[in-house]
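Colleague: Add chains X, E, H and D to chain B, keeping to what the hints say.
One letter stands for each residue in the lines below.
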Amino acid sequence: MTFDAPAIDYAGLSPIIALTAGLVAMVLVAAFDQVRRIAPAVALLTLVTTAGLLIWQWDANVGLLNDSLQIDGLAVVFSLLIVISATGAVLLAIGDPSGDQVGRADFLALMLASVLGMVMLTMANNLVTFFIALELFSIPLYALCGTNLRRRESLESGLKYLIIGSVGSATLLYGMALIYGASAATEFTAIASGLTEGGLISDSLTLVGVGMVAVGLAFKISIAPFHQWTPDVYQGAPTPVTAFMSAATKLAAFAVFIRFFLVALEPMVAQWDVILAVLATISILVGNVGAIAQTSLKRMLGYSGVAQAGYMLAGIVVATQQGVDALTFYLAAYLAMNLAAFAAIVIHERQAGFSDSIESLRGIGRSNPVVAWPLTIAMLALAGLPPTAGFIGKLYLFQALVEANWTWLGVMIAIGTMISLVYYMRVVATIWMSPASDASLQVPAGEPGVDLEASRRWHLVIPAVIASAASIFFGIIPQPLVEFAQHAGNALASFIA
Amino acid sequence: MNAASWGWLVLLFPLLGSVLIGATFRVLPARTAGLIGIGAIVAAFVCGIAAVVSLQGEPAESRHVTDSLWQYASVGGLSIDLGIYVDPLSLFMVLVVTGVSSLIHIYSYSYMKSDAGYHRFFSYLNFFVFSMLLLVLAGNYVLLIVGWAFVGFASYALISFWYRRETATRAGMKAFVINVVGDIGLVLAAILIFRELGVIDYGAVFEKAPEVFTTTNEWTAVAICLLLLVGAFAKSAQMPFHTWLADAMEGPTPVSSLIHAATMVTAGVYLVGRSYPLFELAPAAADVAAIVGLVTLLVAGTIAIVVTDLKRIIAYSTMSQIGYMFVAVGIGAYSAGFFHLMTHAFFKALLFMAAGSVIAAMANIQNIDRMKGFYRAMPFTAAMLIIGALALSGFPGTSGWFSKDEIIDFASFRGGWYEIFAIGGYIGAFMTAIYSFRIIFRILPGPPCEEAAHLIETGHVVHGEPVNPATGEKEDVEVGYPGEDHHIAEQATGMKIGMSVLGFLALVGGLVQIPGVTEVITHFLEPTFEDSPLAAMHPSVSEAWKGLAKGAVISVVGIAFTWWLYIGRPSVPETLRRTFRPVYTLFVNKWYGDQIIDFLIVRPVKGLGRFADRVFEPFVINGLTGGTIAIVRSAGGAVRDLQSGMLRSYALLMAVGTVAILLYLLIRSL
Amino acid sequence: MVEVAFFFGAIGAIGGALAVVLLRNPFYSVLALVVHLVFLAGIFLLLLSQFIAAAQIVVYAGAVMVIYVFVAAYVGGIEEPMFDASPGLRVFGPILAAALFIEISIAVLGSSLSALGTEGVAKVQPGFGTPEAVGRLMLEDFLIAFEAASLLLLVAAVAAIVLAGRKKDAAPPAESANAGEAG
Amino acid sequence: MAIEWYLVLSAMLFSIGLAGVLIRRNPVVILLCLELMLSGGALAMLAFSRLHGDGDGQVFVLMVLVVAASEVVVGLGLVVAMFRRRIPLDVDEMKELRG
Amino acid sequence: MLSAILWTPLVFGLISLLVPRRFAAWAAGAGTVVTLILATIVAIGFDPSGGLQYVVDVTWIPGLGINYSLGIDGISVFLVLLTAIAWVPAVAFTASRGTDRAGLFYFMLLVGQTATLGAFLAQDLLLFVLFFDLMIVPFYFLFGIWGSDRDGVTASSATVKMIVFTLIGSLLMLVGAVAVGVISADGGQLTFNMADLAEAGLPSGSQNWIFWFFAAAFLLKMPAFPLLGWMPDAYRVAPLPALAVFSAVLSKVGAYGFLRVVLPIMPDATELFQTTMLIIALASIIYGSVMAFTKLDLRLILGFSSVAQLGFITLGIFALDSTGANGALLQMINHGLVVVPAFLIVALIAERTGSEEIGPMGGLAKNAPVFAVIFLIVTMATLAIPGSANFIGEFYILNGVFNTDVAIAIIASSGVALAAFYALRMFQRTMHNPLPEGADSREISLRDGLMIVPIVLIMIVLAFCPQIILGDTADSVDATVAISKEAAQ
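If you read the protein sequences in the order shown, they are chains B, X, E, H and D. Position one of the first sequence corresponds to residue 1 (the numbering used here), numbered consecutively onward. Position one of the second sequence corresponds to residue 498 (the numbering used here), numbered consecutively onward. Position one of the third sequence corresponds to residue 1168 (the numbering used here), numbered consecutively onward. Position one of the fourth sequence corresponds to residue 1351 (the numbering used here), numbered consecutively onward. Position one of the fifth sequence corresponds to residue 1450 (the numbering used here), numbered consecutively onward.
Note that these hints are calculated values from the structure, not bench results. Beta carbons: idealized from backbone N, C-alpha and C, even for Gly. Treat the hints with caution; some may be incorrect.
Just a sample of chain D residues kept apart from chain B, beta carbon distances all over 10 Å, derived [claimed, not checked]:
no.	residue
1	L1463
2	I1464
3	R1471
4	W1475
5	V1504
6	G1512
7	G1520
8	T1548
9	D1600
10	G1630
11	Q1638
12	Q1723
13	A1799
14	I1807
15	D1927
16	A1928
In the SDA-like style, the derived pairs of lysine to any residue whose C-alpha atoms are separated by at most 25 Å in a straight line are [what the hints assert, rightly or not]:
no.	chain 1	residue 1	chain 2	residue 2
17	H	K1445	E	G1255
18	X	K1047	X	A1057
19	X	K993	X	A1057
20	H	K1445	B	W408
21	H	K1445	E	P1261
22	X	K1087	X	L1097
23	H	K1445	X	V1153
24	E	K1290	B	G198
25	E	K1290	E	E1170
26	X	K1047	X	M1034
27	H	K1445	X	K869
28	X	K705	D	V1855
29	D	K1934	X	E693
30	X	K869	X	L1062
31	X	K1103	D	P1809
32	X	K1047	X	I802
33	D	K1934	D	D1924
Bound-form chain B, shown alone:
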């Protein structure tokens, strides 16, 4: 039998190839005990190479392999951000007990696999790649959450994430099926044309399909009411994993969310924008009020993640290029602040015997600046106070919303932010304004991974410092980041206003 192999644009594909190579290499490393120690180096090398290749492909805008992938501004920008957060996570993972238990190489292999899935997802341009890439990044994450085998929470979070996640993907799959049925196509632009030509823009079949796809994605970016896994998983999973997934998952899912809804489903914006607006509102409220009175820092960040997802979703609702820009900017800012926060938490955990309770932060402001400052900056940024990137991000979102006459959603965001101040500021208050409690200092003996020197480890301090510095820097000189974000938006110029 004969078949004509598709033309392969290796340049465009290079980032994926690099990641795949890295992944395979990592698996090999895992196989041989004597070389395990180089695993982090391999991982970092892979990520850096990928980043380099992505930057090389900065201006690319081509479909790969019969348009099953599309490498363009959107893909490049989001992939870069994903790679950055992965890099941070890898650094934080060094010396993490979970890594040590499952074998560091395996751990990193899973992480790389996840990254690969994400990068692929940012480029996914038809339903099949969409689905497979989504699973490729989710399934390793399920495993990663469970990798701290000693802690019951870890396994529990893993299983919860897996089951709920699978329900989500099943729903997504069914929705895809319906859309495929309605449009008779799997490639995004083809779907758009299929739907319009078939006159099925507002057909029940299509709409239900869209609804189910929306649910599936909403789950991934933890939009209420599909968010409930988030706090549990954030808290239960090993902190480096949380640090990775909190930003990266959102980045990947939002990338495909943008591409699918603004390319494939662009003709029927009027049908879905209200749904998304309502979902955004719900998560803003639920996330913010849920975060109040949390005692676990990671858990609180989980809820705040829900709220932040709500803010970001607003960027899609407006269905304008500016909306995409704003969303991208916000995601980038969110990456920085989140990384800062989690890096600080990792350092703190390692010193304080894996307690991430907010109480254990009392008096840190005096005793441990390396934790206090990044965490403070992160909180201020998440709360959207100047002069941090968070402020500009909100500003950008507001502009996009007002431009598109979604002002009420902007007001919702403002209200949500007001509520959020309560818990963010409480953390800052605990850090700086309460006397140190002895509880925060005494470390459970023999706990693996406890490391009183953590605040001097370069691989922990560097992410914290860089990330928090970035949150401030882009608050004062946002223009570069704005242009960065606009690069993503421009990719869709031909599809949306």
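Modeller: Positioned in the frame of chain B, the structure of chains X, E, H and D alone reads:
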């Protein structure tokens, strides 16, 4: 040098004196401070005379000079100059103020000797004189208000001069707050004037007023005048703003004599006289002034008859006398009013000084029931007291006789319902005679009380424990209240000079204004009131003399009656008191003025405060904040309950969400 | 003929599915799923997708289910009590599922996509659903997805080893259980 | 045989699977129910693929099989790990993380 | 030039954060002094009729149409100067007493100054909003870290309350500001330059809701009745030097915002809601005064008195009358000048009596005549005794309101009497009456005198010629008021 420049100098000296003393109180020996104080005022007095001279040089119609240092404030057409307005009236006031002040300064030089707060006293006193002069020289209403408030402040500072006494501080607070109420009246008046006339300077205002208020008693004009009167009454302790004056006696005696008898309290009269063009356009308001004056003079008289605190008696008599002045300016007897203002300044200051010397001798006991036989103990003081009392009760020939009766004459001369002012005036005069000589007959004659006796024997006064006469509590000598060797009574030269000069003036001061003979005041003030129809008319000389005769009779009879009351039949007062118990209680409780104000104003305001503090803040204000927080928190609780940790319930919620969304979309697709 | 086959298959598939849900012993549920998959494969055949049907039987009923059986056997057949800690779910679960079913059905039946009433395009191109066709598509249009799928299997294997595989440094059950409590 | 019927069948399987996830407590069984949901999706895919006579759907289903397999493997891995840690295999018992 | 003023404090703040602690105070002090000098130079070089001056205008975020544009006009010139003045004694006082973690303290304090100056200088709406939000952050730390738990109020809880509630308004304002820009750009070139926005003119429909977004922010910041729930606790815990500048300057930014943003950009809405705002202001006056003479805690007395004062200021602004607005602006500066020494005096009193409750106090004047006199002057200025510049401020305000609504003017004037009462009460209960046991009546030290007296002297100078300020402000203010006047027609 024209009158205006002299006027500025008049202002300058007291200010300099005050600042100088205040600034150098650490280094300056006490006496020098006193001398500086005196010097400043005397200099001001001299400049005042110079100003008069240079002003009299002018032709009558142009005897008013305005001069402005710089623009004080100017926005949106409302421009205020830092300017003065020099004319006979203001200069007249300047002379009275500076003149009396100089004497009182001299008196205080000895009286306050050995008071720990000596510098403070003279600094304040000079500042007061400065403020008073600013008040009378001010060239526009805003600056007037400034002076107005400054004298209020000075009076506050001096009333609570012995701030160790809670009674004193409370009295000071009372005086200040009531005066601020008056200030508000003035402020609103000024604003209203500006709104109606578009100007704020005296000259301009008086020019434009007739053009704007074409008909008499336009409500705006009346409103302006009434607001002015609020200020005037508050400052001059007229009803219903009179309650602060009696308490103001907490201050050192020279203060009572200067501020609360001679000068500040008469500012209200000056204000009305100064704004006469407005008042003549709103006769209704003028009548209000007169009526209030009348009521006050009667009420205050009744109180003065019954109270037993020496200084308070004189204080109430002051209120009563100011009542006369208000009647005068109210009915248009301007020159008479200001004449009485002058004479009153003389004899009332004198009375206070004498009283002060007695009180000193009594080791600060002010209750006249305890005083007896000071005639022999302190002949000089006694003489001064008698002179003062004579003048006050309008004994023929004394200054009070001429001035008071001129007012009453004018009232009866205007006739019509103005007669009641005449009648009331005579009644008041009778009462005046009674209370002034009540003092004399109670404390001078008879067997000396122990203090007096001690003074006679040792030639020196008792060294009583310094106590607060009001509460009887021990005094803290260091914060300024007389030290051990304070009781120099009348021996001190300073006091002698002060008293004797004033005594002389109280006796002969009236001669400047003998009807038909010397009408100096009238002529002097004429240019100010030249275009006032009321000022133009005079009772004929004969009528004037008739009136004086009546007055003479009343005062003599009154004095005689008083003699009979306290010397002839000492039992009578007691029987009277018993027979007219209710009336007596009413009088002795000062017609319950304090209680009424307390009930009407103080309590409601305090109640409001309590309400705001106890109810409004916790429930409403904090409710707004706490309430929102509570709502959010409870919502958070709900979310957390939903987050049961049960995986299947998570799935359930997802399913619910999905079903709901699909439902919406299905409906949407129809 | 086709109808009969369809309903036969449908009943079998649904029956299997219900059995999976309702049988209380996990072990039986696994077997029930196998049954379900077999019948489903039959229905796949009706949809002209022989290759998928075959894959279904071989990969699924064959390979995957074996893992299930092992695990089910390893962890032992835990009889779960019929009465549920939270009876609410017992009630609402089925109701919601039913609601979802109805909604999708309405969507399908109410759709204006007229073709739904038909058996699909009259004559599909020859060899539709044959291994060749699928293979060609997979290597032409969906190469990347194919690669991804293979990687996915690899990763899944790694993950399984990571989680279930015995590590020399992994703590023996007993004490780690305590650790579990402690954590 | 009209395609609708296949779709209705797939919807039913999907729902049954969902119901199973909601009412069963043994993670192993829940994984089985997830399989049901996926196969529901797969059936729908195939039905449409037949409808349009277009092979993409079939490829898709193949991918679904792979995905399902991987999920199962990881899921069972977790189950085994939990079993090893003596953690009761009952999702209602997994309440360490809550609130 | 303006950039220099704006960033000097920040730079020195960083320096004092980095240098060894014993130099920190010097660095901070130098920073404030340099700022003061620069501000003075600008104020002297200011041309009353020159409109907007020293303009700096650079694109900052072209992507969002935000410019870094500064400028100074009659409305802001003296507020900038006030800010520059107020910080000097605050730093000096802290330095003289010494503080824990000095570097951080001065850093925060000076960041606060930069932010405040920024709010006054910003000519780009979003820049203004940014600085407006930024202001609160350093004070959150200052109050929280160096604050003391008093009367059962913990510093952290009080500060969280404060920042949350003041930012509620700010966030709405952010939305409002964006809306202003976008709506008036109307698809065209997006700009947030205030002047251009005023030019463009907003459709009155959108003005009406945007107005309240801004009003919420400003009223909360002042704070005005009934939005002052956060104020008492924050005042209770705050460290006094920081509180002095906070109360003196930051509260004014709210009022300034009305003049700078609301009146010119939303004239129709201003016109529409004038009465509402007047009533709110009136309520603040009455409530503030009443609370001020009910409370016993000196901080709260001053706090509520500034509520009342800001009520007056708001009243003047919304009289929409030249005299009223000018009076309001003058009053902002006067009140700022009064509050700084007032709070420092409170600190001195606390040092002498160990308490800030006037209940058990008294007699401090005994051995401290100079101290007493200084306090007396401040008190008199607080109650706006005629002859003080404060009086002229209130006089013009009342005049303006009188032309707008006589009834409100008359009721408002009662606030003056209440002010007299609470201010004197505060003075007497501390300085007069018997000296209780344990309190030590100590004369003010030369060092402390040097911090307070200069400001008192400025007050006296202004008392002799408020025209110094009014002369410069009049033109700009009149222009602003004129806009909303036109809207009325």
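Colleague: Hints broken by the structure, by number, lowest first?
Modeller: 6, 10, 19, 20 and 27
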